[in-house]
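Based on the hints, put chain A in the right spot on chain P.
Each chain is listed here by its residues.
Protein chains: 2
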Amino acid sequence: MEYMITVMKNAFYAQSGGVTSVINCSAYGLISKFKKDFSTANIYASKNGIVGLLEDELYDLSKTKKPLENLLEMPGGAFGSCRFKLPDLDDEKFYNDLFQRLDKLFIGYFFYNGGNDSADTCLKVAKAADKFGYDLKAIAVPKTIDNDLAVTDNCPGFGSVAKYVATSAKEASLDIRSMCKTSTKVFVLEVMGRHAGWIAASGELANTTNDTFVHKILLPERKFNKEKFLAGVEADVSKHGYSVIVASEGLKDQNGELYAATKETDSFGHSQLGGLAPKIASLITDELGFKNHWSVADYLQRSARHISSSTDIEQAIAVGKAAVSLAAEGKSGVMPVIKRLSNKPYRWEISTGDLKDIANEEKVLPENFISEDGFRITGDGQDYLRPLISGESFPKFADGVPIYENIDLHLREI
Amino acid sequence: MEYMITVMKNAFYAQSGGVTSVINCSAYGLISKFKKDFSTANIYASKNGIVGLLEDELYDLSKTKKPLENLLEMPGGAFGSCRFKLPDLDDEKFYNDLFQRLDKLFIGYFFYNGGNDSADTCLKVAKAADKFGYDLKAIAVPKTIDNDLAVTDNCPGFGSVAKYVATSAKEASLDIRSMCKTSTKVFVLEVMGRHAGWIAASGELANTTNDTFVHKILLPERKFNKEKFLAGVEADVSKHGYSVIVASEGLKDQNGELYAATKETDSFGHSQLGGLAPKIASLITDELGFKNHWSVADYLQRSARHISSSTDIEQAIAVGKAAVSLAAEGKSGVMPVIKRLSNKPYRWEISTGDLKDIANEEKVLPENFISEDGFRITGDGQDYLRPLISGESFPKFADGVPIYENIDLHLREI
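These protein sequences, in sequence, are chains P and A. Just so you know, the numbering used here puts 170 at position 170 of the first sequence, and the rest follows in order with no gaps. Just so you know, the numbering used here puts 393 at position 393 of the second sequence, and the rest follows in order with no gaps.
Hint data in this document are derived by calculation from the structure and do not stem from the laboratory. Values in this document were obtained by computation on a predicted structure and should not be read as measured data. A few of these clues could be false.
Pairs involving identical chains hold if they fit within one copy or between any two copies, as the list cannot separate such chains.
[Unchecked claim] Listed below are the simulated DSSO-like cross-link pairs for lysine-lysine, each with C-alpha atoms no more than 30 Å apart in a straight line:
| id | residue 1 | residue 2 |
| --- | --- | --- |
| 1 | K223 | K104 |
| 2 | K65 | K291 |
| 3 | K396 | K63 |
| 4 | K239 | K93 |
| 5 | K279 | K223 |
| 6 | K396 | K252 |
| 7 | K396 | K36 |
| 8 | K279 | K65 |
| 9 | K36 | K223 |
| 10 | K66 | K356 |
| 11 | K85 | K291 |
| 12 | K279 | K63 |
| 13 | K85 | K239 |
| 14 | K127 | K331 |
| 15 | K291 | K279 |
Just chain P, same shape as in the assembly (with noise of 0.2 Å):
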């Protein structure tokens, strides 16, 4: 009598790029899933992205005693994060010493969590698996709130920004629309976007079909058209007694150029942005005489899981668990991605992406879902962002404070 041993190979699980209030969701559904479906491997997750796999710092997930459900309501990235370029594939030195690395562990699948860059990091991992002759299946989790992946309609972590950025909006307006009669008559509110507008979009999602939260968006798309621009505030105030402006930090000027740079670049040669509501809303002050309030959400917006949006964490769990099936597939250099079937009723499901037709591209708003005089978003944009918000799922609170506890991690000893 012969016995068939089928030996299942061991996962690495890492985080990367700018985090979101969601991505321990998605590592949830993919952790658990992984434990369940392939029961006898382990899955190691990596200390800050990559870094930790190059570093010799992996948590070893088979020690882990609280429960994984922690993940589900904590922002941040629980295992850390990295912003790491991975070198070209003709380094061979670099990835034979990853595929050893890898190989030690006995580790049959590589999972990536992350955006552009990330999507970027898998492939060159899945390419130079083949190019090597290691048998690794890498698969890319999608991730960013910048909602900016190509292939996949939304991207997980973006829901929960646009959620806080309407509900914000919502609430900084009703709150210059008591103080404008005597005082403050302009409200800018800067988030993120380096390229693409998707976040400030959401700002739309403020208003209602009765009332008008917000007044002008104002979209990296677009070139920033001054005139135009201030010309508008002035109706605003003049018709409703104020305005209220969400503007995205990559926001162009008719040159093409940053309208408010700054020097530094991160190690992927982004610039680091953050500035432009004190610019904008100097700007109104000095041509129409108004008072300004504004505010910069940054970190804020993305790691807001006290206001998250439940069919974000939802999808950023399936796309978490969907990798593994992929997994289980034996694909490799591939993506779960969101699939849309339908507006309303919202309807969804997961499909697969080629990680060559992700990486590093980058999807900006459609044409339609752009107002005619570029600042405002179209009735196509709000069914499509709309559904995105939808849903409460607080996490829990002590002490006034949400608690956001972590899982315990345990190093892999060496």
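Positioned in the frame of chain P, the structure of chain A alone reads:
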């Protein structure tokens, strides 16, 4: 047989100064109790603070059909607020005009819902009524996110901002904690507070006994010691990998001047602040070389009804109701105040303060609330602050955003 007829006088209610996420809860408490206790009288709400009275724009609340309970969930000032300084008492013409306007509407109760400046306004009205012989009870209702009113233990509006700041700082801290290995190492959150550091101090509430999320707090009560601060931030990054700083807009330099002053001033002569966070962040990057992110919460913090403290809401309602009780007792020149009975368990009651002890006074953080190095809040301070952010009271959502429906408002026909 003889009948004695007591004719109940009408009431005037106005919201004044910077609004909060719960000022409408005080309006709810006050209006609902007045309607109940003074059932034959009417209450008028002034459009845009006292300006509505001077411009004949008063809402006749007897015509309101929608439930007053709507006010419990709506941030901003439901009736509009103002920044408007009353003239001195020797301006007989102004006050005679004011009292004629009140007299025409048979108003015997003047309720003014605001902070320090509004207490001053209310006190002037009380004194002027005495001086010019007008039968009017002028009662202030406390409201200020700054928590700097004298006599009262705390101010309605503050607890909700404190909850917002503690929650947001914790969330952003989890974000930067994920990123600090290869990217951002310093996060600066700028919060409100001109002269008193109560709001910045609430950043301390992000911390737990086991974990530090906020490492430095910059208070207006301490002159900014650049060298000590930078050394502290360097130590944080060296120990934890990152540093989170909550900074009060009112931070002063060694000469006692605002560290980030702008030139604009409001009608009370206060400087318009903002822009401290980028200044602190740049200082750190320039001196220590750490990549930074920064956020300016501005109006978002004080309008964030979606994360209001239920203790704060309860107290905001209570001071509104208490103002009506004081009116019924015939008091004038007073304000209902919150009196703390114990910290653990937190118990409080409403008491009465004299406006002459409150108007234009500012209560700063007591010395025993500030740590020795000046950058943290002591256990005593935490014991004071913690109960104020306790409890959640999420608003109703529709289509992914809070509804925030106002009551219907009908201007009195002239």
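For each hint, the structure was consulted:
Neither within a single protomer nor between protomers do K223 and K104 lie at most 30 Å apart by alpha-carbon distance, with minima of 52 Å and 56 Å respectively. Neither within a single protomer nor between protomers do K65 and K291 lie at most 30 Å apart by alpha-carbon distance, with minima of 55 Å and 35 Å respectively. Proximity of K396 and K63 under a CA criterion of 30 Å is satisfied intra-copy only: 25 Å inside one chain copy versus 41 Å between copies. With identical chains, the CA atoms of K239 and K93 are never at most 30 Å apart, being 66 Å at best within one copy and 33 Å at best between copies.
In the homo-oligomer, the alpha carbons of K279 and K223 lie at most 30 Å apart both inside one protomer (16 Å) and across protomers (28 Å), since each shortest distance falls under that limit. When the C-alpha separation of K396 and K252 is checked against a cutoff of 30 Å, the pair qualifies neither within a copy, at 41 Å, nor between copies, at 37 Å. In this homomeric assembly, K396 and K36 come within 30 Å of each other (Cα to Cα) only inside a single copy, at 26 Å, whereas the closest approach across copies is 37 Å. Taking the closest pair of Cα atoms, K279 and K65 never come within 30 Å of each other, the shortest separation being 49 Å inside a single copy and 43 Å across copies.
Within a single copy, K36 and K223 get their C-alpha atoms no closer than 50 Å, and across copies no closer than 57 Å, so neither meets the 30 Å cut-off. Taking the shortest alpha-carbon separations for K66 and K356, neither the intra-copy value of 37 Å nor the inter-copy value of 56 Å comes in at or below 30 Å. Taking identical chains as interchangeable, the C-alpha atoms of K85 and K291 lie at most 30 Å apart only when they sit on different chains, with a minimum of 18 Å there against 44 Å within one chain. Taking CA atoms no more than 30 Å apart as the test, K279 paired with K63 passes in neither setting, with 50 Å inside one copy and 44 Å between copies.
In this homomeric assembly, K85 and K239 come within 30 Å of each other (Cα to Cα) only across copies, at 26 Å, whereas the closest approach inside a single copy is 50 Å. For the homomeric pair K127 and K331, the shortest alpha-carbon distance inside one copy (13 Å) is at most 30 Å, but the shortest distance between copies (81 Å) is not. In the homo-oligomer, the alpha carbons of K291 and K279 lie at most 30 Å apart both inside one protomer (14 Å) and across protomers (21 Å), since each shortest distance falls under that limit.
Checked against the numbered hints given earlier, this structure breaks hints 1, 2, 4, 6, 8, 9, 10, 12; the rest are met.
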